[in-house]
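Given chain A's structure and the hints, the job is docking chain B onto it.
The chain contents come next:
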Amino acid sequence: MQSVMAVAKNTFRETIRDKILYNLVFFALLLMGSSVLLGTLTIGEHARIVNDLGLAAINLVAVIIAIFLGVGLVSREIERRTIYTILARPITRIQFVLGRYIGLVGIVTVNVVIMLAMFLATIWLSGFPIHAALFQAVQLILVESLVVMAIALLFSTFSSATLSASMTIGLYIVGHLTSDLKVIAEKSASQVAKAVMTGLYYMCPNLEVLNIKGQAASGMSLAIKTQVLATGYGVLYAGLLLLAACLIFQRREF
Amino acid sequence: MDAIVIERLTKTFTPMWPWQKASTVLTDVSLRVRQGEIFGFLGHNGAGKTTTMKILLGLLRATSGKVELLGAPAGEVDAHARIGYLPESPYFYDYLTAEEFLTFYGKLAKLSAGFIRSRVPELLKRVGLDEARHRQLRKFSKGMLQRIGLAQAMVHDPELIILDEPMSGLDPMGRKEVRDLILSLRDQGKTVFFSTHILSDVEMICDSVGILARGRMLSQGRVEDLVGEHGAHSIEVVCDGVVGDEVPIVKQCALRILQKGSRCLIMLPGQEVLEEVLSAVRNAKGRLVSVVPNRGSLEEVFVEQSVQRG
Chain A
861 MQSVMAVAKN
871 TFRETIRDKI
881 LYNLVFFALL
891 LMGSSVLLGT
901 LTIGEHARIV
911 NDLGLAAINL
921 VAVIIAIFLG
931 VGLVSREIER
941 RTIYTILARP
951 ITRIQFVLGR
961 YIGLVGIVTV
971 NVVIMLAMFL
981 ATIWLSGFPI
991 HAALFQAVQL
1001 ILVESLVVMA
1011 IALLFSTFSS
1021 ATLSASMTIG
1031 LYIVGHLTSD
1041 LKVIAEKSAS
1051 QVAKAVMTGL
1061 YYMCPNLEVL
1071 NIKGQAASGM
1081 SLAIKTQVLA
1091 TGYGVLYAGL
1101 LLLAACLIFQ
1111 RREF
Chain B
47 MDAIVIERLT
57 KTFTPMWPWQ
67 KASTVLTDVS
77 LRVRQGEIFG
87 FLGHNGAGKT
97 TTMKILLGLL
107 RATSGKVELL
117 GAPAGEVDAH
127 ARIGYLPESP
137 YFYDYLTAEE
147 FLTFYGKLAK
157 LSAGFIRSRV
167 PELLKRVGLD
177 EARHRQLRKF
187 SKGMLQRIGL
197 AQAMVHDPEL
207 IILDEPMSGL
217 DPMGRKEVRD
227 LILSLRDQGK
237 TVFFSTHILS
247 DVEMICDSVG
257 ILARGRMLSQ
267 GRVEDLVGEH
277 GAHSIEVVCD
287 GVVGDEVPIV
297 KQCALRILQK
307 GSRCLIMLPG
317 QEVLEEVLSA
327 VRNAKGRLVS
337 VVPNRGSLEE
347 VFVEQSVQRG
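One line per chain: the protein sequences are A and B, in this order.
Just remember that my numbering sits 860 ahead of the position in the first sequence, which is counted from 1.
Just remember that my numbering sits 46 ahead of the position in the second sequence, which is counted from 1.
Calculated directly from the structure, the hints in this document are not laboratory data.
Heads up, none of these hints are tricks.
Cβ-to-Cβ under 7 Å is the rule here; a few derived chain B residues that face chain A:
(1) LEU106
(2) ASP124
(3) PHE150
(4) ALA155
This structure is a prediction, so every number in the text was calculated from the model and none was measured.
Idealized CB from N, CA, C, for every residue including glycine.
For reference, chain A alone in the conformation it holds in the complex (with noise of 0.2 Å):
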């Protein structure tokens, strides 16, 4: 366990020290203070527009950063060859698949919370009220980063960074899609096709589930048994895709 988090804790460091996280954060407030101005703007629904912006600039962050930095846990150690020195010593590929993920598990909840407090504070304000379902909707932002996160660094075991993220990325747009999977699957004719987009409708991860954004905009709260059952689909394909992630860079040579 040692090993794992001091793995993690360099992927935290190391990430701290990229000034590109500060761009992000930077851009989130932004955008939530843009929010407010708005929200002035328009007649009526102020609140819904403050929340609207507020959401999606944290699960824009949130997602950015699980991808352009999730792709690269991987691979650019591989590319730097960093991970020679680091697996010569006694610890295992899985326990460095494990900690560079923990570690960049860090990095997002840290900023998710930092964007969180900002847009709180940005209702406070404004002198909205802060209903409860924006914290479900922000918690289910993380779990749908913990997938968006575990895609990349799939991907990242065998692919280079740039490959990696234009599959994480592709494989995100489908995740919001995966309804539509179903829909082609049913109106098809072809028996062929059918079997394909069900399967693939199956075999996507459905992120749709996570998310919730509108109706907490609304300040609309979920069910408890629905938000933990999406939280529990949302963990549970990321361990998949770890376990997977973790056989393949067992075989791997550098």
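Frame of chain A, contents of chain B only:
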């Protein structure tokens, strides 16, 4: 027990696609490194030295053959606690300071926080970087990076230290520092296995050497034995008051004669003609200045073997 045992090691890289050709980088490589010795692993660029080292550390898998480090099969993670490694042209986490960097590697080696706290300053001092302990590695020169790399290989006080081209790219002073460090490690009873193509370094500090060419071991043994076996035992005779080319026996026996004024340098092929030549010089009223047996160098052995191998 031997620190490293390699028997009939073969490594073939299998391509991803069937139409690509497989390439065999190591063929039937066998070598043994005794505990407590400095072993120089010699070979041209591309001979397979780095591949061998990567197999030792489990970064690559052997296609066939037996590889053991400190009695454990290669790639066994627990054995890594007793092994230190510095790769060729290493890149380190340049956002870390020297102190953070060594602490990180100490934690990876499962050292206690207390031990790391006392070990890191001691090591930084040993590699001459105590002044730079709070400096980020991105501000380090190449020589400093090599020294911090050596420090990370030693942070957990390993029994076996594997160094891939530790002197490459260093200036003469830097090379001397690395040589001294390797010698001091042997004095502490450590085994050092390092690859290089700088023969003078090997000759100066190694107990044993192995020569690798095109993925095959050409020879292995103690430096003096290899040089003794293969080296040309020529003899240099220097004398005054004689013109070498004018003395028939000298002209007949010498491999080469260099004349500078009245001083003459005669290069003889071996001991057997020495007495005859010395008598001829004396008879020609020459005065003997020196007789120096010319011991073969490791470079001669290396070149000779590499040429023979084609």
